[in-house]
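Protein chains: 6
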Amino acid sequence: MKKIALFPGSFDPFTKGHEDIVLRALNIFDEIVIAIGYNSQKKRYFETDFMLEKISSCFANYGNIKVDKYTELTAIYAHNHNAKYLLRGLRNTTDFEYENTIAMVNKDLYNGLETVFLITSPKFAFISSTIIREVHSYGGDVSRYIPYQL
Amino acid sequence: MKKIALFPGSFDPFTKGHEDIVLRALNIFDEIVIAIGYNSQKKRYFETDFMLEKISSCFANYGNIKVDKYTELTAIYAHNHNAKYLLRGLRNTTDFEYENTIAMVNKDLYNGLETVFLITSPKFAFISSTIIREVHSYGGDVSRYIPYQL
Amino acid sequence: MKKIALFPGSFDPFTKGHEDIVLRALNIFDEIVIAIGYNSQKKRYFETDFMLEKISSCFANYGNIKVDKYTELTAIYAHNHNAKYLLRGLRNTTDFEYENTIAMVNKDLYNGLETVFLITSPKFAFISSTIIREVHSYGGDVSRYIPYQL
Amino acid sequence: MKKIALFPGSFDPFTKGHEDIVLRALNIFDEIVIAIGYNSQKKRYFETDFMLEKISSCFANYGNIKVDKYTELTAIYAHNHNAKYLLRGLRNTTDFEYENTIAMVNKDLYNGLETVFLITSPKFAFISSTIIREVHSYGGDVSRYIPYQL
Amino acid sequence: MKKIALFPGSFDPFTKGHEDIVLRALNIFDEIVIAIGYNSQKKRYFETDFMLEKISSCFANYGNIKVDKYTELTAIYAHNHNAKYLLRGLRNTTDFEYENTIAMVNKDLYNGLETVFLITSPKFAFISSTIIREVHSYGGDVSRYIPYQL
Amino acid sequence: MKKIALFPGSFDPFTKGHEDIVLRALNIFDEIVIAIGYNSQKKRYFETDFMLEKISSCFANYGNIKVDKYTELTAIYAHNHNAKYLLRGLRNTTDFEYENTIAMVNKDLYNGLETVFLITSPKFAFISSTIIREVHSYGGDVSRYIPYQL
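Residue numbers (the working numbering), protein chains in the order written: chain W, 183 to 332; chain L, 183 to 332; chain U, 183 to 332; chain E, 183 to 332; chain A, 183 to 332; chain X, 183 to 332.
It is worth saying that the hints were derived from the structure and are not from the lab.
Hints may contain errors.
Identical copies look the same in the list; a pair holds intra-copy or inter-copy alike.
Below, a list of computed lysine-lysine pairs in the PhoX-like style, where the Cα atoms sit at most 20 angstroms apart [claimed, not checked]: (1) Lys305 to Lys289; (2) Lys248 to Lys224; (3) Lys198 to Lys289; (4) Lys289 to Lys236; (5) Lys248 to Lys198; (6) Lys236 to Lys198; (7) Lys251 to Lys236; (8) Lys185 to Lys266; (9) Lys198 to Lys305; (10) Lys289 to Lys224; (11) Lys248 to Lys225; (12) Lys248 to Lys266; (13) Lys305 to Lys236; (14) Lys305 to Lys248; (15) Lys251 to Lys266.
These numbers were taken from a predicted model, which means no experiment stands behind them.
The whole structure should be built from the sequences, with the hints applied where relevant.
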């Protein structure tokens, strides 16, 4: 059976750190679904559909990477798409504490949903979506932090 | 003199992790006051009075557990209710860093106010009010995480 | 060449912990620029100009401490003011993880911009602007936490 | 029933940080037993009996503080002395991670054994037995870090 | 090509926490090699061959779990056994910081060697080989912490 | 007055991470003294004098970098060499917690001794002396981690 991993996130925006995790995880899983979780109530900096298009353009040559958006609970989306694994990157201890609780809840909501972690490569570990939004909002150059052109 | 511990929080909502701390602390203190701190300016997910009623229902059989709400500084409320102890649970290092600063300020504001910590039992350590609100807002089942029925 | 360090922050409000860092750093650098970063979109608790005046009053006798406000990226401001160093205090591991990422981005945006860290003195380590705002908003006494009168 | 807390440690040496925890805990418990865990196989820097005498001298005026030494498992010692609580101080996140695992094992070995934590006062938080041994071995003055004379 | 993950460790002793990681990882990889790293210079508490036998007995019914011992660098062993993945469990932030550096060195020594992390299940997170050795050395019962009989 | 910073450590061995800190600190201080702390009782992996020579060779062209060895308390050595600053690198939160306590003791032992921290560059953050010794002892290639030839 095909091993499908779901890589969920708000990806506001998708960064080179995210790309690093996806490409490395390709050696572990048969298919990776990058899914943008969004919520019509919550304002984004980059629109969901704009980001969906940007991420898709990055992986256009990869038949085993799919890009999607979703608005339900991550565990439900994973279940509906036969993804038995969640894929997440860890950059530091703050990430670890946060991801630890999320992983436990997801396993609890959908028994057997296993979260698999890779540690973000050092050169990308300082890149966060929050910092990119901040730099971008001040007109700074963020092109080194994202794998596509804005 | 009766040893009264104040267990303050926003409890939005009160979780099984909170219940775990209260029940274990009953062996240490003579009376525990669970007090919901609220602020008319800040929007809650679960209404203060609704939560007050739910928490009260959990501990209806415990004569030494009181449930209340308050809107002043925690240290002031403790002082006014003769509580010489604050009770708090620790789940992980992020909690620790946060609680450390709060405990110092509370001791500073009301000399002698001592914060006593228990470490949340492992099986409840991943449960947070934030995650419950998130899951609940998507229609997920949160009944395993709370000690009452919604 | 004069060694100028920029001490950037929102300083909402400036605390005795901030003062501690500035005074200790005076032994390392020739000049320190305390710069209040603000953003017309983001609401502050204490007004930028009010805080600018308060901080200035603290260091009126120090010819080598300047106080300013800015609204651009920190790295750009540093570059425009010939500050080759950013000065930051570390209170705990949560600070460390946050400052680590900020320091890397700043070095990346302005090559050579070096962030220099001092660890906040223990007696001030629990003081945060967030807690001061909280205590102040409830009418609590915050005079012990700030080096000026409100 | 008397509430007895066991404060276990190797106390090699007992520090002002330890004293801080014991004195603050006196307001919570009826009796505190400071117990030096030792192991004839493991070499100490300060002899067990020497330290026992020094600690005893500190608390000679406290009828509700006892000092002892033990060589069995902490949980067994607690059980044999009717101590239903372990008392421990937390200085930082490294302490937290370590104490978390120890507390869980102790509760597991002796059902109901509850570890109660206080956060070490900031002015003592940097004092560790390890550092005192280091400073003392180089002939440095450690008198400010210990509540007795060597 | 078969996906082989190496689960390296000193396993002195192998715990239920280790077993948890291995069994969950079976859903990700085709084969898992549990390899006891040993060093003739370093004294163990449980002999390497004794532990090898105990671990083997746990997984006797799993054709895709192998147990071995090795004395070379982990990256070399992985390379020689066609394992492109290292498998490690994370219990807390102390583990995270340690494993982070080890993972980077292993990737550096053997390009492409990817370390995959699972977070240890909460109920096993407090179990460490160190604590088991400690409890066992005092004659305490450790049978709940290990998946075999001593 | 010349600003002299002491960079103390056991440097067993000195790494590219250490070199990174020294070279970056050259922009802050007028002179840096790299001092190998040793203890005739404690066995080293690389001999003190051998390492002293290797470090010296790295900085032969820098008139403002001195290399030395010492066996007294770091604070005493700093005092005797007119170094008013200690220089230390931070790689992660484990380093932070450790360095925090050391810095406080050093300031306490020699009033005014200020520890200045830089965060190790990400590409060197995983390099530790411990790991280098481990890899080297197994015959692995460590040349990428040290700024000299063994």
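Verification of the supplied hints:
Taking the closest pair of Cα atoms, Lys305 and Lys289 come within 20 angstroms of each other only across two copies (13 angstroms); inside a single copy the shortest separation is 31 angstroms, beyond that limit. Taking CA atoms no more than 20 angstroms apart as the test, Lys248 paired with Lys224 passes in neither setting, with 24 angstroms inside one copy and 37 angstroms between copies. Taking identical chains as interchangeable, the C-alpha atoms of Lys198 and Lys289 lie at most 20 angstroms apart only when they sit on different chains, with a minimum of 18 angstroms there against 27 angstroms within one chain. Neither within a single protomer nor between protomers do Lys289 and Lys236 lie at most 20 angstroms apart by alpha-carbon distance, with minima of 30 angstroms and 27 angstroms respectively.
Proximity of Lys248 to Lys198 under the C-alpha cut-off of 20 angstroms is restricted to the intra-copy arrangement: shortest distance 17 angstroms within a copy versus 37 angstroms between copies. For the identical chains of this complex, Lys236 and Lys198 are intra-copy neighbours only, at 12 angstroms inside a copy versus 38 angstroms across copies, given an alpha-carbon limit of 20 angstroms. In this assembly of identical chains, the alpha carbons of Lys251 and Lys236 lie at most 20 angstroms apart only when taken from the same copy (13 angstroms versus 36 angstroms across copies). For a Cα distance limit of 20 angstroms, the shortest separation of Lys185 from Lys266 qualifies both inside one copy, at 7 angstroms, and across copies, at 17 angstroms.
In the homo-oligomer, the alpha carbons of Lys198 and Lys305 lie at most 20 angstroms apart both inside one protomer (10 angstroms) and across protomers (16 angstroms), since each shortest distance falls under that limit. Taking identical chains as interchangeable, the C-alpha atoms of Lys289 and Lys224 are never at most 20 angstroms apart, the minima being 25 angstroms within one chain and 32 angstroms between chains. For the identical chains of this complex, Lys248 and Lys225 are neighbours neither inside a copy (24 angstroms) nor across copies (38 angstroms), given an alpha-carbon limit of 20 angstroms. When the C-alpha separation of Lys248 and Lys266 is checked against a cutoff of 20 angstroms, the pair qualifies only within one copy, where the shortest distance is 15 angstroms, while the shortest distance between copies is 24 angstroms.
Proximity of Lys305 and Lys236 under a CA criterion of 20 angstroms is satisfied in neither setting, with 22 angstroms inside one chain copy and 28 angstroms between copies. For the homomeric pair Lys305 and Lys248, neither the shortest alpha-carbon distance inside one copy (25 angstroms) nor that between copies (31 angstroms) is at most 20 angstroms. Only within a single protomer do Lys251 and Lys266 lie at most 20 angstroms apart by alpha-carbon distance; the minimum there is 18 angstroms, versus 32 angstroms between protomers.
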